[in-house]
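Those sequence lines, one after another, are chains A and B.
In terms of this note's numbering, the first sequence is residues 1 to 751.
In terms of this note's numbering, the second sequence is residues 1001 to 1173.
Hint data in this document are derived by calculation from the structure and do not stem from the laboratory.
Watch out, some of these pointers could steer you wrong.
[To be verified] Covered by chain A, per the in silico footprint, the following chain B stretches (three or more residues, Cβ under 8 Å):
# : segment
1 : 1064-1070
2 : 1081-1087
3 : 1099-1112
4 : 1162-1172
Every residue, glycine too, gets a C-beta built ideally from N, C-alpha and C.
So you can see what is in the structure, the chains are spelled out below.
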Amino acid sequence: MAIVDETLLAVFRDEVAETLDQLATCLESLKMSDGADVAGQVDAAFRHAHNLKGAARMVGLEPVVAVTHSMEDRLSVFRDEAAQPPPELLTHMIGALTLIERAVDGDDVGDKALRLAESIRVEGHGDGAGTAIDEFDATGTYTMDPDESDPDEMSATQLMKRSTASENAEAEPEADSDAGSGPAVENAAAGGAATAASVRVDVQRLDSAMQHTGELFSTHTRQANRHQRYVDLFAHLHEAVRTLNGDGRKQLEGLLKTGDALIAQDRQDLHRFGYLTDEISTAMKRVRMLPLTNLGPTWRRIVRESAQDARKSITLDVQVGAIELDKQVLDGLRDPIMHLLRNAVAHGIESADERIGAGKPKDGQVRISAAVHGARVVIEVGDDGRGLDSEKIRAKALENELVDAGRLAGMSPSELYQLVFVPGFTTMTEANQLAGRGVGLDVVQLGLRQLGGDVEIVEDRAMDGATFRLTLPPSLMSIRGLLVRAGKSVVAVPVDNIERSLRIARSDVEQVAGEHALRLDDGEPLKVRWLGAMLGQSAEKPADVLTLVVVTSAKSRIGLVVSEVVGEQEFVTKRLPWNLERVGGVSGAVVLEDGTVGVVLDAGYLVSASTAAGARARARLAVAEEQPATAVRSVLVVDDSLTSRTLERNILEAAGYDVITAKDGEEGWETLHKTPVDLVVSDVEMPRCTGLELAARIRANEALGDMPLILVTSLGSEDAVAAGARVGADEYIVKGKFDQRQLLDAVARLI
Amino acid sequence: MTDDELELDVHALLEQRAAQLARKVDDGIDREVVYEVAVVQVAGETFGIAADALREIVIKPPVAELPGVSSPLCGIVHVRGELMSVIGTADLLNLQGECDEQQLAVLDGPEGPVGLLIDHVIGVRRVHADELAPSFANQDARTHAVKAMTNDFVAILDTATLLGDPRLIVNHA
């Protein structure tokens, strides 16, 4: 076999994927043809085979050359006669595409290729088909004079190779062609790129450019906020100046006028900046978009090979139009759709005998369709097979103890079907090469969730069997998200997953079957979760009114209690760092305008944590279910020194206490009667009422007598300490030796 | 002394002084530098982080926590346009002392940057071969992430081993 030119192989692989798909489409159309446009399809198939042959020869893939030559040869006859190729020949040719794909992938298919080339040559043999085949030499290598190629029909690979050869001849006429191929290929590639309609760009460069676009968004938001502050500031200045008189006022008014003009220019620049940021972001997203049809060759190969393994006859109908997806999304879809296709072949489509017995066509059909619904892309993978067996699903669910019988009886069909996505679930009694090990559909769901989407099983009247609906965003590079605060964390919830947000009375949340639930105005009960608890935050103070965000995913929904809704914004999403391969409940992160990081919630994961099938997700998240509030303790700090008061307040607040301050003993005493506190920290030497006097009053008061009390003072003598003890102080801390740890330890000991 | 003799005398003196100033400070013994490290404090202990593995040391930015992700991982931060995980160094090395963790040492990890929480940075230092505790390799190392120890108890971290700790990988399948 000729040595494959590795340098050109990359270009060849890019080119051949599309050509193979186009050839497959033509051949399958011819096979299903009702006679319309046969000549056109045969001609198109001939040209695709011809291009493939030329490109394969350039990279030295002789097996592919052999097979495509046979195809080209046979198709030329039918083209000339405007005749329909026989189905058996078309089946051979379609089968040959799999071998070509394997050869392109690097498999050694030499002998098989020759046999296949021969079988195509003889299958339904007509007249005048053999001439070109005789030009194969004894090694099976076809030699062709390069000048035979029509330049107009040359593939990119051929053009690149020809350009390389001519540049080598000009630059190094004495050099060996192999030695000159490295740098010349690069030059040829560059030259080729200058004349071609596309440029190959490293995806990482695009990612890097996109991340900088994200920084632009943040910068724009900061500038917009700053501009508004300038506007407010100048408004206040105008008001202040109006109260003045005389020359000073005139002077200031002149300055303000200049400031107003600057603000107006700033506003214009800000608008322009925002517009350009949007444009750049849109352009960058567009650069990364690729047609969904790029996956077509892979899908056809999967169905072909799976059908061959299962000894079934199945056709694949692809109706995805011109829909484009971001490269990252496209890459992420490969595995989920592969699993669905294999599932359709293994589970869905019956054998030919079964199908005939059921009055169906012998050949099973799998269809992939796609459409845009609002901001989402919906892809449906369906088959006309036997569909899902509800009884088997129920039986397996009980056998695997996924859900108890009572709950199972109350499940709607859509809820029941969701059980098939549980890891390990399968209704097949025996595993085979294709399916039955229970590994497939949970991978589909996981894969979709990682893309910010989800999967559900729907009823499709056009297809009798099972149809899986995948819903996902076309791009992961940016999202429109609602920022919410949960405890200390700020998180972004994709707007596409939000039904609404509302404020509810805490008393409206009921306990139903051990879970918190709320009945909304549409009558549907809604499970309620505390987002802060799910994120592992400590419980907040109980509140009478709660802020609830209703989150949806694949027709399921939950209510998330949050501390605050911050606002809605477009974000450029960032992938989680390299070591965080998968974090349950999180699909990415965004950078907020203040430079802090907010995580992007995986709504599907959160919603599934509340379903019967979400046991693993639920175990993963810290679903604390509004822990009995560890009430926040409050401390009264009494000190006439502002510095001491501030220091002690900061220390205690940082440790999680609520702090109230008073500037002397008298104020402290009044505060104690108005506001309940858990502990008093007081200085000793103060005007109006000293710390010792305050302590005495506290101990003498029936209601306050047991109040924990710490005296913090600069008086460190033994007498002073004793005085403190006499009035009933629980702890005595000397300021000279003050250590925040000492204060915190003392507070912790007492409350 | 004639003017010419004086001039020659001054010239010789200046040459002598120049020669003295040009003389090397050390006594000519070459000391092998085995590590160039940033010396940092963590939980009361002193560590050396290889300079070639260290990008920078910054004030610790606000850390975003992640659900179901536990120590030694603290969360993620954003530094100069990049997201990175934050590692509690004291937890990772099982240190018992009290931490301040006000700064972040940004390291180049196997596949991207990682932030190690430190209390503060002390300085940069070249560690010579004769400064290393000779019997350290034979001693019971506190952690396999320490590859050498100086005589004044600066533990030189093996950042590759440190960042290869499986506890740093999160995969909630």
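Going through the hints against the structure:
1. 1064-1070: holds (count 6)
2. 1081-1087: holds (count 4)
3. 1099-1112: holds (count 4)
4. 1162-1172: holds (count 5)
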